[in-house]
Amino acid sequence: MGSQRGDAFEYALKSNEAWANYKGHQNPAFFEKLATGQTPSILWLGCSDSRVPETTLLGLQPGDVFVHRNIANIISPTDINSNAVIEYAVAHLKVSHIVLCGHTCCGGAGAALGDARVGGVIDAWITPLRALRKANEDELTNIKDGGQKAVRLAELNVEAGVKTLLSNFVVEEAVKERGLKVHGVVYDVACGKVRNLNCGNAGGLPGTKSAAQEEVEIVKGNHAMLVFGGDGARMSIR
Amino acid sequence: MDAKGRQHSVSHFLRENQDRIFANNRAWVASKVKEDSGFFEKLSSGQHPDYLYIGCADSRVPANEIMGLDAGEVFVHRNIANLVPNTDLNVMSVIEYAVVHLHVKHIVVCGHYNCGGVQAALSHTDMGILNPWLRNIRDVYRLYEKELDEIQDLAEKNKRLVELNVLEQCRNVIKTAAVQQSYQKNEYPIVHGWVFDLKDGLLKDLEIDFENVLKSIQKIYNLEAGRKGSTA
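Protein sequence lines correspond, in order, to chains H and C.
Heads up: take any position in the first sequence, counting from 1, add 179, and you land on the working numbering.
Heads up: take any position in the second sequence, counting from 1, add 166, and you land on the working numbering.
Bear in mind the hints are in silico, worked out from the structure with no lab data behind them.
Incorrect hints may have been included.
Below 25 Å or equal to it, Euclidean Cα-Cα: the simulated BS3-like pairs (lysine-lysine) are [stated by the list, open to error]:
#	chain 1	residue 1	chain 2	residue 2
1	C	K385	C	K351
2	C	K200	H	K372
3	H	K372	H	K328
4	H	K372	C	K208
5	H	K313	H	K323
6	C	K365	H	K193
7	H	K212	C	K323
8	C	K365	H	K212
9	C	K370	H	K193
10	H	K273	H	K355
11	H	K342	H	K355
12	C	K312	C	K365
13	C	K323	C	K312
14	H	K212	C	K381
15	C	K365	H	K273
16	H	K342	H	K372
17	C	K208	H	K323
18	H	K193	C	K325
19	C	K341	C	K381
20	H	K328	C	K208
21	H	K273	H	K212
22	C	K341	C	K351
23	C	K381	C	K323
24	H	K212	C	K325
Here are a few chain H residues that face chain C, going by a calculated C-beta distance under 8 Å [stated by the list, open to error]:
#	residue
25	T234
26	V246
27	H247
28	N260
29	A263
30	K313
31	G371
32	K372
Cβ coordinates follow ideal geometry from the N, Cα and C atoms, glycine included.
Input sequences plus hints: build the corresponding full structure.
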């Protein structure tokens with residue numbers, strides 16, 4: 180065994196045990212119900228960045244959000260990984276919303292704004308970001324602040340991703356048939372808030388599903404989360 | 167309800183759902199700031215997660231919640247059935263960024279029982295664009311055909327395939343240049359295989375013997391030597 184298989188790892192497993200006990204105590208049927216199936220109403224497409232945990236920052240629960248996260252939340256039309264997720268979520272689980280979320284302080288955006296080669300396979304992955312940078316060179320050059328420049332590129336990336344999503348056949352069909360909504364948002368790491376870019380199809384066609392079908396079951400009540408910091412555990416109730 | 171009334175109620179519902187999320191988000195921010203007024207400021211100065219988590223897109227398996235970790239503590243990739251295909255630039259970029267640039271200490275591949283992707287791969291259904299993705303699970307079956315064929319109970323067979331899929335995806339992580347080179351140099355990251363059980367919310371450690379797996383793949387997959395111009 181390697182020397183690193185130590186505290187952090189054991190901590191996470193212990194923490195999971197505490198969480199499972201707590202959730203089970205709070206609602207004895209919680210996990211039993213989860214095991215019967217999932218009916219999430221949201222597909223979240225976001226960045227892998229550790230500072231943007233979707234379910235936590237949305238204040239939602241296990242079972243609420245179907246999730247794909249990759250480097251810089253890039254939606255490439257021929258990426259089989261995200262295509263498989265979108266197909267499963269839209270055609271099989273029939274989610275009502277797709278939320279594409281970019282964020283401030285994104286390392287991928289920062290790399291695409293620099294001129295150095297990142298190395299390995301990452302340069303190939305972030306090529307769409309570099310293309311966006313080139314297509315918007317004038318606007319981006321006029322933004323002097325590096326952080327602001329990266330935020331603008333993150334916004335442009337979300338707008339481009341939303342366009343790609345709305346051109347995806349399965350998404351297009353679900354928009355027409357049942358009023359699927361596609362949203363583009365940006366998460367501000369410095370304040371924790373999600374900002375709507377209003378670049379999706381908010382004005383899309385009204386759905387044809389009945390209100391009863393749309394009813395989503397959510398376990399109500401206050402939910403707590405065990406949080407482990409460097410100096411021990413604490414319970415965060417929200 | 168007449169057609170007009172139904173249309174109104176549906177669009178109202180969609181609107182309401184979105185509002186609830188923004189309200190939840192604001193409540194979460196308020197509770198974090200109350201606990202630690204500098205929480206978000208600190209996060210915006212950079213991320214230093216110890217973990218990379220590769221898990222399933224399934225809504226019932228949220229990485230931070232099941233591990234009890236806070237924002238900033240775990241870098242996350244989630245896809246259908248927690249796969250790590252060698253030619254998928256999406257997951258390969260995530261692994262490389264986490265190892266080479268963030269220096270994560272642990273990589274977790276986490277599967278879960280009742281996985282829809284694994285179930286689909288055990289059925290004989292044409293699922294369109296999902297076929298090439300799910301093919302990776304069928305290939306895991308072929309590697310363990312004898313063991314799996316001996317399990318008569320379908321639910322048990324499914325559970326075992328979930329576990330074997332995690333083991334094989336861990337092996338795929340270990341085959342990457344980033345992981346081999348970093349381990350040689352720093353003695354991290356360590357790769358772990360876990361399975362989440364929806365029935366009780368508990369994580370099960372498959373106790374992968376990381377060093378032995380690493381040794382066993384290196385006859386063929388050794389990429390430790392590095393490459394001129396590589397950042398690793």
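Exercise. Hint by hint, which ones does this structure get wrong, listed from lowest number up?
Worked result: 12, 14, 23 and 30
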